[in-house]
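S.K.: Sequence:
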Amino acid sequence: MADLIAKEGVFISDDLSSDLSSLLGNANLSGAQSLFLQQQIKAANCKKKCGMRWHPALIRLGLKIHLKSPAAYRALQESGFDKLPTSRTLFDYSHASKIEYGVDSSVVKKFSKRVEEEKKEKKHPQFHVLIADEIHISKNLVIQKSTGELIGFKDLDSVDKEIAQLDLFLEDDDKQYEPEIASKILSFMVKGCSSKLKDVVASFPVCSPSPKQLYAWTWEVIGALEKSGIKVIVFTCDGASTNRAFIKLHQPVTTDFPGLIFDTVNKYAPERILYFMSDVPHLLKTTRNGLYNSRLKGKGARCLQKNKEPMVWDTIINLYLMNKDRNIRKSFKLSPQNVFPDSFSKMKVALAAQVLSRTVANDIAGQGWPKTSEIVEFIRKTTDWFDLLNGAFSTQGQKKNNPRLNAYTLRDLQDFENNVEGNRFQELLDYLKYHNEWQEEVRKLKEIQSTSLMSELGVQPLEAIDDGSFHALAESMVEDCEKEDFSKHLLPKQTILGINMSTQSFIKAVTFLLSNGAPFVNARTFCQDILEQNFGKQRMAGGGSSNPNVAQYFQRQRGISIVGQLGSSKKRGFNTEVLDEEADLNDKPLPKRQFKRDLM
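Letter by letter, the sequence shown follows residues 510 to 1109 in my numbering.
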């Protein structure tokens, strides 16, 4: 200890020493606050800036602030109140390794080491979720100084380039293939199911990727992760048409549900199954949109109906208008923003959850309005289903007095296997049963209507006539006429498919995790919020320019990756909710960019 003090100790005045002793002795400081004070004292006593050796946590803190606003970081440095690493120092750490397009092997390697540490600490197998989503970028070409490469084009493998060249040649043999400038970045983030580990491990510049291209990239990422010891059991994406077509390219393991694919064999770990999930918050928004588009007098694109009773958005509007001027009202969260949403408001999950809530359902039920029992049941069942798939932390159910938000444990699995009444897995399946009965009711109504219309037209059944050509033509005309009308009675088929896929996958994935040693599973583990927050940091780092180009995206992403867990302190995002997390104060040295003289 004496040698350490003699080597790294800092001399301070007696007055400052007594003040610091009093402050540190009486104040209830956290570990992060104590470390910050120690680093400030050390930096203040350094004769030269280059002689300061910053703690890794302070470097991450500096990177976090600099990524949000370089101007604010310079203002803090120039204020004289804080001592922080120089911008050049931050640059050396954020450019320690070469940026890789596609799968970033350096990030995968670092993540793999952290997984091994978690496995030793928690002593049970670690499994992960792979999340994919796109961020819009500005279409620019940039020359990378380090390599002289022109970057900004969409990423295509050799096969896709040859196909594009062949298509052009068949169209016009004089045309030459010109690569297209990327307008989006497709990002893949891996996230621990029972740990706080998370990072973007792959990014691909794209325009409008095909399902086959998405298939190739997804399995390339999964292969890189599995080979590094990072086990993937769930793939989560939104309900875009490309993503749905991508999932259809797989051979299902479970074939009990015709037309529904929610699992497949993991190509790089055949002993395990990969489950597909559609992002649950996105499904809640599309469900709300389906109800929003159901209006009286044909004003909307849909007309939801169950048990011959309409479910229309006008009920929500009337509830709000009737009570909006009261000081005390049950549906206090209803506002013009969620009752009359614009295109911007429709993107916020919180606004959808405020409408599809038990408070609103109970308020409608208390009004005594005729023909509103079905919309009340629909809202109650939907909000319960969302709560069952939205638990964020272990004590959330206790804090909000909502057991559906509790973490899933072995007790839930045992209750499900023993058919205990009221178990949460069965409640999820009951919501699927509710939609199946609704679809069956609409199908029967369509058959009755179709039979009645055929009878009015004087068309005989097909078996009673010799030549069925006219009958078949007439029947197809009737079906085409009625198909659109009856589909309006249901939620969009894409939403129903996503609800079925996510629910089945969730039950299977949670069962697998609990059976393989996980002490509990929080439902929100499988949602896209964490990747949406990453995109928010990307946009924020640009200041007034919210759309980075390809080069800026990859540079910022490397900084975000280095900041790591320390960058998760934001409480709430535009379309997400962030939980409190402790700052990463480990003292492991960070990799730093080497100068040419260091390599000689």
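Calculated from the structure, these hints are not laboratory results. Certain hints may be false.
[Unchecked claim] Mimicking PhoX-like on lysine-lysine, the simulated pairs with C-alpha atoms at most 20 angstroms apart in a straight line are:
(1) Lys-557 with Lys-592
(2) Lys-556 with Lys-592
(3) Lys-997 with Lys-619
(4) Lys-817 with Lys-953
(5) Lys-628 with Lys-618
(6) Lys-577 with Lys-1046
(7) Lys-909 with Lys-955
(8) Lys-629 with Lys-551
(9) Lys-855 with Lys-942
(10) Lys-551 with Lys-592
(11) Lys-740 with Lys-628
(12) Lys-997 with Lys-808
(13) Lys-629 with Lys-619
(14) Lys-551 with Lys-631
(15) Lys-619 with Lys-592
(16) Lys-942 with Lys-857
(17) Lys-942 with Lys-953
(18) Lys-619 with Lys-631
(19) Lys-817 with Lys-997
(20) Lys-815 with Lys-1101
(21) Lys-757 with Lys-1017
(22) Lys-806 with Lys-997
(23) Lys-736 with Lys-628
(24) Lys-740 with Lys-622
(25) Lys-607 with Lys-815
(26) Lys-607 with Lys-592
(27) Lys-890 with Lys-955
(28) Lys-1002 with Lys-955
(29) Lys-842 with Lys-855
(30) Lys-757 with Lys-721
(31) Lys-815 with Lys-890
(32) Lys-909 with Lys-953
(33) Lys-880 with Lys-808
(34) Lys-842 with Lys-857
(35) Lys-808 with Lys-740
(36) Lys-622 with Lys-757
(37) Lys-1046 with Lys-740
(38) Lys-558 with Lys-607
Values in this document were obtained by computation on a predicted structure and should not be read as measured data.
S.K.: Determine for every hint whether it applies to the structure shown.
M.R.: Now the hints, each set against the structure:
no.: 1; hint: Lys-557 with Lys-592; verdict: holds, 13 angstroms
no.: 2; hint: Lys-556 with Lys-592; verdict: holds, 13 angstroms
no.: 3; hint: Lys-997 with Lys-619; verdict: violated, 50 angstroms
no.: 4; hint: Lys-817 with Lys-953; verdict: holds, 12 angstroms
no.: 5; hint: Lys-628 with Lys-618; verdict: holds, 16 angstroms
no.: 6; hint: Lys-577 with Lys-1046; verdict: holds, 7 angstroms
no.: 7; hint: Lys-909 with Lys-955; verdict: violated, 43 angstroms
no.: 8; hint: Lys-629 with Lys-551; verdict: violated, 35 angstroms
no.: 9; hint: Lys-855 with Lys-942; verdict: violated, 28 angstroms
no.: 10; hint: Lys-551 with Lys-592; verdict: holds, 9 angstroms
no.: 11; hint: Lys-740 with Lys-628; verdict: holds, 12 angstroms
no.: 12; hint: Lys-997 with Lys-808; verdict: holds, 12 angstroms
no.: 13; hint: Lys-629 with Lys-619; verdict: holds, 16 angstroms
no.: 14; hint: Lys-551 with Lys-631; verdict: violated, 36 angstroms
no.: 15; hint: Lys-619 with Lys-592; verdict: violated, 29 angstroms
no.: 16; hint: Lys-942 with Lys-857; verdict: violated, 28 angstroms
no.: 17; hint: Lys-942 with Lys-953; verdict: holds, 16 angstroms
no.: 18; hint: Lys-619 with Lys-631; verdict: holds, 19 angstroms
no.: 19; hint: Lys-817 with Lys-997; verdict: holds, 13 angstroms
no.: 20; hint: Lys-815 with Lys-1101; verdict: violated, 63 angstroms
no.: 21; hint: Lys-757 with Lys-1017; verdict: holds, 19 angstroms
no.: 22; hint: Lys-806 with Lys-997; verdict: holds, 13 angstroms
no.: 23; hint: Lys-736 with Lys-628; verdict: holds, 16 angstroms
no.: 24; hint: Lys-740 with Lys-622; verdict: holds, 13 angstroms
no.: 25; hint: Lys-607 with Lys-815; verdict: violated, 58 angstroms
no.: 26; hint: Lys-607 with Lys-592; verdict: violated, 29 angstroms
no.: 27; hint: Lys-890 with Lys-955; verdict: violated, 25 angstroms
no.: 28; hint: Lys-1002 with Lys-955; verdict: holds, 16 angstroms
no.: 29; hint: Lys-842 with Lys-855; verdict: holds, 16 angstroms
no.: 30; hint: Lys-757 with Lys-721; verdict: holds, 10 angstroms
no.: 31; hint: Lys-815 with Lys-890; verdict: holds, 14 angstroms
no.: 32; hint: Lys-909 with Lys-953; verdict: violated, 41 angstroms
no.: 33; hint: Lys-880 with Lys-808; verdict: holds, 19 angstroms
no.: 34; hint: Lys-842 with Lys-857; verdict: holds, 14 angstroms
no.: 35; hint: Lys-808 with Lys-740; verdict: violated, 49 angstroms
no.: 36; hint: Lys-622 with Lys-757; verdict: violated, 34 angstroms
no.: 37; hint: Lys-1046 with Lys-740; verdict: violated, 27 angstroms
no.: 38; hint: Lys-558 with Lys-607; verdict: violated, 27 angstroms
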